[in-house]
Amino acid sequence: MTYTPRERREAREFYLFVSPWLIGFVVFTAGPMLASALLSFAEWDVITPPRWVGLDNYRALARDPLFWKSLGVTATYTLIAVPLHLTVSLAVAILLNQKVRGLGVFRTIFYLPTVLPGVASLMLWMWIFFPDGLLNAFTGLFGLAPEAWLADERLALPSLIAMSMWGYGSTMLIFLAGLQEIPQHLYEAAEIDGCGRWSKFVHITLPMLSPVIFFNAVTSMIGTFQVFEAGYIATQGGPNNATLFYLLYLFRNAFEYFQMGYACALAWVLFWIIMALTLLVVKSSAAWVYYEGKR
Amino acid sequence: MHRHRFERIAIYAILISFSAVMLVPFAWMVSSSLRSEAEMFPYPPNPLSWGFWAPDPVRWENYVNAWEALPFTRFLRNTLIITTGRMVGELISCSLIAFGFARLRARWRDALFIVLLGTMMLPGQVTMIPVYILFSKIGWINTFKPFVVPAFFGAPFFVFMLRQFFLNIPMDLDEAARIDGASTFQIYTRIFLPLAKPPLAVIAIFLFMGSWREFLGPLMYLQETERFTLALGLMLFRSYGEYATRWDLIMASSIAVSLPPLILFFLTQRLIVRGVTLTGIKG
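Protein sequences appear in the order of chains A and B. Position one of the first sequence corresponds to residue 1 (the working numbering), numbered consecutively onward. Position one of the second sequence corresponds to residue 1001 (the working numbering), numbered consecutively onward.
Check the hints yourself; a few may be wrong.
Here are some, though not all, of the chain B residues that point toward chain A, as calculated from beta-carbon distances under 7 Å [stated by the list, open to error]:
1. Arg1005
2. Phe1006
3. Trp1028
4. Ser1036
5. Phe1041
6. Phe1099
7. Met1120
8. Pro1130
9. Ala1231
10. Met1235
11. Ile1263
Facing chain A, according to a computed beta carbon distance under 8 Å, are these residues of chain B, among others [stated by the list, open to error]:
12. Phe1018
13. Ser1032
14. Ile1114
15. Leu1116
16. Gln1125
17. Phe1208
18. Tyr1240
Just so you know, the hints here were simulated from the structure itself, not pulled from any lab data. Ideal Cβ positions, reconstructed from N, Cα and C, are used throughout, including at glycine.
With the sequences and hints as input, model every part of the structure.
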């Protein structure tokens, strides 16, 4: 296919405008991805030169109890937090969609926690979870004994999950917007046919909302797999590794134990896990996600 | 009719109680920040009493003391440098790149765009370590360059957002400009940029918020305390033995650090809400 001079000039201009991204892609994305893949087959403590070890890192990984522990912690967190986030956000969005007065005020209140810098919220919640802190004061009202929430092996992860619920504001906003897009006439038609409350929800709201649910589920899941600050700041991965999130373990291997090769192996395992899960959700979406305009 | 009224009351009741749960931590934060050290742990701990919430005496000095306990003014300066550097870099690069994808045709354009979309979903961990090593080899550790320089190479998400916006601008404007002899670059600067103010404003806000709260990046790249950002500085309180349990100071500084994002949020609420919901709906 031959190109006219004008087309060639336009193509040159295209590459010129897009060049920042092209260069950045090679230097900050493609190159590093290749490098970390190669590094995962090596042992490197940054001071001495890297040493090729083949699959050793991956073998060590499979035998590493902390690897499995951190995977378990992150998986548990995801499996509990994501459905919880989605359900509560959706429930609140539905309530807000009932033509309530002061919608703007409520919306602001629910979104506000997400505006705080993560470190600030974590400090606040560490203080709330403190043995002499707010939460124990409240549970004391009901006659419950004070707990060492973040210092207790069984309670630390659930406490962090509960804490994350404070920040579901943006998910809720997206659900609200999705709800508002559902055409009223669908509900009216259903009412004429004698549909009850629950039936309307299951047969109109949920299907029409399914693309949004799908989007929120995927982004939530990817987000929870990358939790770091909560583990690093609030609990330092403890007590006894009860909150050793995967990314925290990876970080430690790279920057505290200087095991760059091993850390890269960990990174790639995480990458494939996230890819696999995302693919799973995407494939399953064909069954339950309904797109209005798709044929 | 009665059932309807009951339902309305139930809805408001639930919403108000949820709101209370959301707001109580904020109230506690403010209350704790104004307490004196001796009063940190009100006894007996009765959350239903007014005394539990209202500090007596009210110590406004906590804010000053907290700010001076650690070099917060320095942290603020550092955070501002990184944030504004980033904002400038991204706003310039993302609009250039988005314009290219939206208006200029080339054989590999669509394939490259798909690659761009792919990188949007990339978990950062697979590039994190080599990028760190790269910056380490060129001596950029403990500087602000790792934050500001990459911003001039575009961010996939914002490029995507702007490209969608640019696609909606009618070609007539381009053609009219061409007839007047405008070059491609002039079309970009005279037509597209001015029109792009709304999405650019949203992007600027998101960049500000994101940069202000960033933790992992600063943790990796900034080694000396005097280069720390506000987010890192806040965490420092817990590492200093004498301050580790000064929750009054910690709360005061947490609030201080949160004020700029909060103020920005209240000023630009509508834009933020629209930005967040658009990402969800288009996604």
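Verification of the supplied hints:
no.	hint	verdict
1	Arg1005	13 Å, violated
2	Phe1006	13 Å, violated
3	Trp1028	5 Å, holds
4	Ser1036	16 Å, violated
5	Phe1041	5 Å, holds
6	Phe1099	6 Å, holds
7	Met1120	11 Å, violated
8	Pro1130	4 Å, holds
9	Ala1231	5 Å, holds
10	Met1235	6 Å, holds
11	Ile1263	10 Å, violated
12	Phe1018	6 Å, holds
13	Ser1032	7 Å, holds
14	Ile1114	12 Å, violated
15	Leu1116	7 Å, holds
16	Gln1125	4 Å, holds
17	Phe1208	11 Å, violated
18	Tyr1240	14 Å, violated
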